[in-house]
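K.L.:
Below, each chain spelled out in residue letters.
There are 2 protein chains.
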Amino acid sequence: MLNNKSKPFYHQKIGIIGGGQLGKMLAMAAAPWSIAITVLDKEPLSSARGYTHEHLEGDPLNYDDILKLGLSQDIITIEMENVNVEALLELQRLGKKVCPSPEILRIIQDKGEQKHFFSKHHLPSSEFEVFENLQDLLNAINLQRWVFPFVVKSCRAGYDGKGVFVIHDPKDLIGLPENRYLIERKVDLAQELSVIVARNAQGECKAYPVCELHVHPQAHLLSHMTCPAQISEELQQKATALALQTIQAFELEGIMAVEFFVDQNGQLWLNEVSPRPHNTGHHTIEACITSQYEQHLRAILNCPLGFTETFFHSAVVNVLGPEGMSGSPVYHGLDQLLAFKGVVPHIYGKKKSQPHRKLGHVTILADSPENLQILLDKVQKTLYITVI
Amino acid sequence: MLNNKSKPFYHQKIGIIGGGQLGKMLAMAAAPWSIAITVLDKEPLSSARGYTHEHLEGDPLNYDDILKLGLSQDIITIEMENVNVEALLELQRLGKKVCPSPEILRIIQDKGEQKHFFSKHHLPSSEFEVFENLQDLLNAINLQRWVFPFVVKSCRAGYDGKGVFVIHDPKDLIGLPENRYLIERKVDLAQELSVIVARNAQGECKAYPVCELHVHPQAHLLSHMTCPAQISEELQQKATALALQTIQAFELEGIMAVEFFVDQNGQLWLNEVSPRPHNTGHHTIEACITSQYEQHLRAILNCPLGFTETFFHSAVVNVLGPEGMSGSPVYHGLDQLLAFKGVVPHIYGKKKSQPHRKLGHVTILADSPENLQILLDKVQKTLYITVI
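The listed protein sequences correspond, in order, to chains Z and V. Every number in our numbering is 663 more than the matching position in the first sequence, counting from 1. Every number in our numbering is 663 more than the matching position in the second sequence, counting from 1.
Heads up, some of the hints might be wrong.
Pairs count within a copy or across copies, as identical chains cannot be separated in the list.
Each computed BS3-like pair below joins lysine-lysine, with the alpha-carbon atoms no more than 30 Å apart [what the hints assert, rightly or not]: (1) Lys901 with Lys670; (2) Lys901 with Lys760; (3) Lys1021 with Lys670; (4) Lys849 with Lys901; (5) Lys783 with Lys670; (6) Lys670 with Lys1014; (7) Lys670 with Lys731; (8) Lys849 with Lys1015; (9) Lys1015 with Lys670; (10) Lys1044 with Lys1015; (11) Lys1041 with Lys759; (12) Lys676 with Lys849; (13) Lys1014 with Lys731; (14) Lys670 with Lys1041; (15) Lys759 with Lys670; (16) Lys676 with Lys1014; (17) Lys825 with Lys1014; (18) Lys1015 with Lys760; (19) Lys901 with Lys1014; (20) Lys705 with Lys676; (21) Lys1021 with Lys825; (22) Lys676 with Lys1021; (23) Lys901 with Lys676; (24) Lys731 with Lys1004; (25) Lys676 with Lys760.
Since the hints were made in silico from the structure, they are not lab data.
Using the sequences provided together with the hints, build the complete structure.
P.N.:
This is how it looks when you write it as structure tokens:
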């Protein structure tokens, strides 16, 4: 309902911090409602450029740049977690709506704080210990408080598997830089799952079908994902319930990707969460009526959430920059892909390829898991990248 | 395949003449491939603004403005037919790809030429006669060459039912302005259908499922449309075949809406064609994997055409400016619509409402014609526009 105190949802101005592919797709989701989007990015030619009403050049970690973006907006949101939280707190004090809240971002930005949050809210996550510095970490290991193998993670600024070290013996610890660290028990991994969930200010919550992640062995990056995950009904329900419990614990307004490990005993362990549209939710653009991007907008605008059921078996293949070279990317086989039924390529428009950089993705839709696998093989054989 | 002589399809620069809702949705369809779009529109704040790499202010009927747009592009296309054809001919001479070709636009811009084209290519269309001026028209009627009732159409610059007059007796002719005119036998109308078809330079052709049009009684504008049309299999096949025959006759590269009358005997008559994305194809955004907008891009880029099957019964309701008032539009019931499963509102972002002006549309998806009708009624009861 309209009321005099506030603008209707379609007149709200939304500022997005970050203009990578997630910022671009979020901006595009606002287009059917003609909502005015402003993006802040370091690069004047970000991926989102050309899909926004305004494009500001600025650093997501710079206080003044965030403030400059936020002051002209009604709602400020993100496509990345690594942003200046102090500036967002100030914008909140000034009456701006900030989604996710700065408090949530402060927790998410520190892997130790995230684990403490899981633990405090009884969300099942592998045992851990947080260390303020490298020396404390090494002391604990020397005292044999932790048994090899275990996982060491930098608490801050690690993403896409960076800052994550599997430690098999003391040699693996050589050369670690000074940081705040976390030791985590290594889960005896059988599968990785992701569930995208959304919540609005009224507390309405919705979950998308469970996705199964397939990780690139060298790059520790998602190689492709499939949805719905081919797992038992019971495990699907458990993962979905736990993802909803997680977003409710955070009281998030917006969308959240909740990533899980499944161990060899079929036990679920919360790995990490991202309070924003996520790489494991691209398929929702084609496979669902309401994409994760539109769902995020609905959630932060406090609109009714959209329907999350999927009409296809779907997969998303990441298009990554080839190893050992960088330069202008050339996409081979892309026009052949356009002739495959149910195959939808997305090219992010990045000017420069770097090893394992995300340059695009291909969504694949099929009527059965078997046909999905056939198409997936075809796509992976047809598409390749070179640089010039 | 890539070749050295030309850029790959995703590096082609596309200029769109017209930045209304069709230009906006065409620009959005280029976003997943990050194709650089430039729009030319009279209005600095056109609907397409914010969804393009560049936005030029200029008149589609002005020679210099079209040339200015086209010179920096690889391909020039349109969202409206009323454009300067001489400028497009010049761009073609300069080696630019113009889709549809200026020759097709010259035919389409004149309803008399369009009828001659149908007749020359044996495409069934009601009997007609073309008159160079008003006096010739009146003479023919005085000589009783035509029996009441019949239809008089201005050959030029009529759109959305403007310039179309049903003549029941001589009084209806009073006040007709000077123009080139067409008399058409009035079809004893049972139904109106539309088929969206596409063709690329290699001659590959595809048709979307047949749509049924429901016209607004006062405004002579499409009130809503449903797809697939609830007609016999035989009529569907005939309409589809005739639409494909029509686009092949034009040798169009791009998309074409082919509109038909069905008379009381179930006979099909070609009404008119539009060589561009069309109001009767909005539902393809949600109901098909490849929308009419993406299909147009594939066709003009000479890529393989996308698949046209629909996964739903769908309807599109036009959101029109209310009668008797103009001003800033306010959309009531829009947030309620967001809670209806299968209902997708589109707001074009026009700053000013005028009577019957197209301000948006609502796509409705359902699993049966019955459930579609229920949702259609609900949407029409829930959404209304006022102006302030």
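K.L.:
Would you mind marking each hint as holding or not holding in the structure?
P.N.:
How the hints compare with the structure:
In this assembly of identical chains, the alpha carbons of Lys901 and Lys670 never lie at most 30 Å apart, being 39 Å within a copy and 50 Å across copies at closest. Within a single copy, Lys901 and Lys760 get their C-alpha atoms no closer than 32 Å, and across copies no closer than 56 Å, so neither meets the 30 Å cut-off. Taking the shortest alpha-carbon separations for Lys1021 and Lys670, only the inter-copy value of 22 Å comes in at or below 30 Å, while the best intra-copy value is 37 Å. With identical chains, the CA atoms of Lys849 and Lys901 are at most 30 Å apart within one copy only, with a shortest distance of 21 Å there and 65 Å across copies.
For the homomeric pair Lys783 and Lys670, neither the shortest alpha-carbon distance inside one copy (38 Å) nor that between copies (56 Å) is at most 30 Å. Taking the shortest alpha-carbon separations for Lys670 and Lys1014, only the inter-copy value of 15 Å comes in at or below 30 Å, while the best intra-copy value is 38 Å. Taking identical chains as interchangeable, the C-alpha atoms of Lys670 and Lys731 lie at most 30 Å apart only when both belong to the same chain, with a minimum of 22 Å there against 39 Å between chains. When the C-alpha separation of Lys849 and Lys1015 is checked against a cutoff of 30 Å, the pair qualifies neither within a copy, at 35 Å, nor between copies, at 60 Å.
Within a single copy, Lys1015 and Lys670 get their C-alpha atoms only as close as 40 Å, which misses the 30 Å cut-off; across copies the closest is 17 Å, which meets it. In this homomeric assembly, Lys1044 and Lys1015 come within 30 Å of each other (Cα to Cα) only inside a single copy, at 23 Å, whereas the closest approach across copies is 51 Å. For a Cα distance limit of 30 Å, the shortest separation of Lys1041 from Lys759 qualifies neither inside one copy, at 48 Å, nor across copies, at 35 Å. Proximity of Lys676 and Lys849 under a CA criterion of 30 Å is satisfied in neither setting, with 44 Å inside one chain copy and 50 Å between copies.
Taking the shortest alpha-carbon separations for Lys1014 and Lys731, both the intra-copy value of 27 Å and the inter-copy value of 26 Å come in at or below 30 Å. In this assembly of identical chains, the alpha carbons of Lys670 and Lys1041 lie at most 30 Å apart only when taken from different copies (25 Å versus 49 Å within one copy). Proximity of Lys759 and Lys670 under a CA criterion of 30 Å is satisfied intra-copy only: 13 Å inside one chain copy versus 45 Å between copies. Proximity of Lys676 to Lys1014 under the C-alpha cut-off of 30 Å is found in both arrangements, the shortest distances being 29 Å within a copy and 15 Å between copies.
Taking CA atoms no more than 30 Å apart as the test, Lys825 paired with Lys1014 passes inside one copy only; the shortest distance there is 23 Å, against 47 Å between copies. Taking identical chains as interchangeable, the C-alpha atoms of Lys1015 and Lys760 lie at most 30 Å apart only when they sit on different chains, with a minimum of 28 Å there against 35 Å within one chain. For the identical chains of this complex, Lys901 and Lys1014 are neighbours neither inside a copy (42 Å) nor across copies (48 Å), given an alpha-carbon limit of 30 Å. For a Cα distance limit of 30 Å, the shortest separation of Lys705 from Lys676 qualifies both inside one copy, at 21 Å, and across copies, at 25 Å.
Taking the shortest alpha-carbon separations for Lys1021 and Lys825, only the intra-copy value of 15 Å comes in at or below 30 Å, while the best inter-copy value is 50 Å. In this homomeric assembly, Lys676 and Lys1021 come within 30 Å of each other (Cα to Cα) both inside a single copy, at 29 Å, and across copies, at 23 Å. For a Cα distance limit of 30 Å, the shortest separation of Lys901 from Lys676 qualifies neither inside one copy, at 37 Å, nor across copies, at 49 Å. Neither within a single protomer nor between protomers do Lys731 and Lys1004 lie at most 30 Å apart by alpha-carbon distance, with minima of 45 Å and 38 Å respectively.
Proximity of Lys676 and Lys760 under a CA criterion of 30 Å is satisfied intra-copy only: 11 Å inside one chain copy versus 38 Å between copies.
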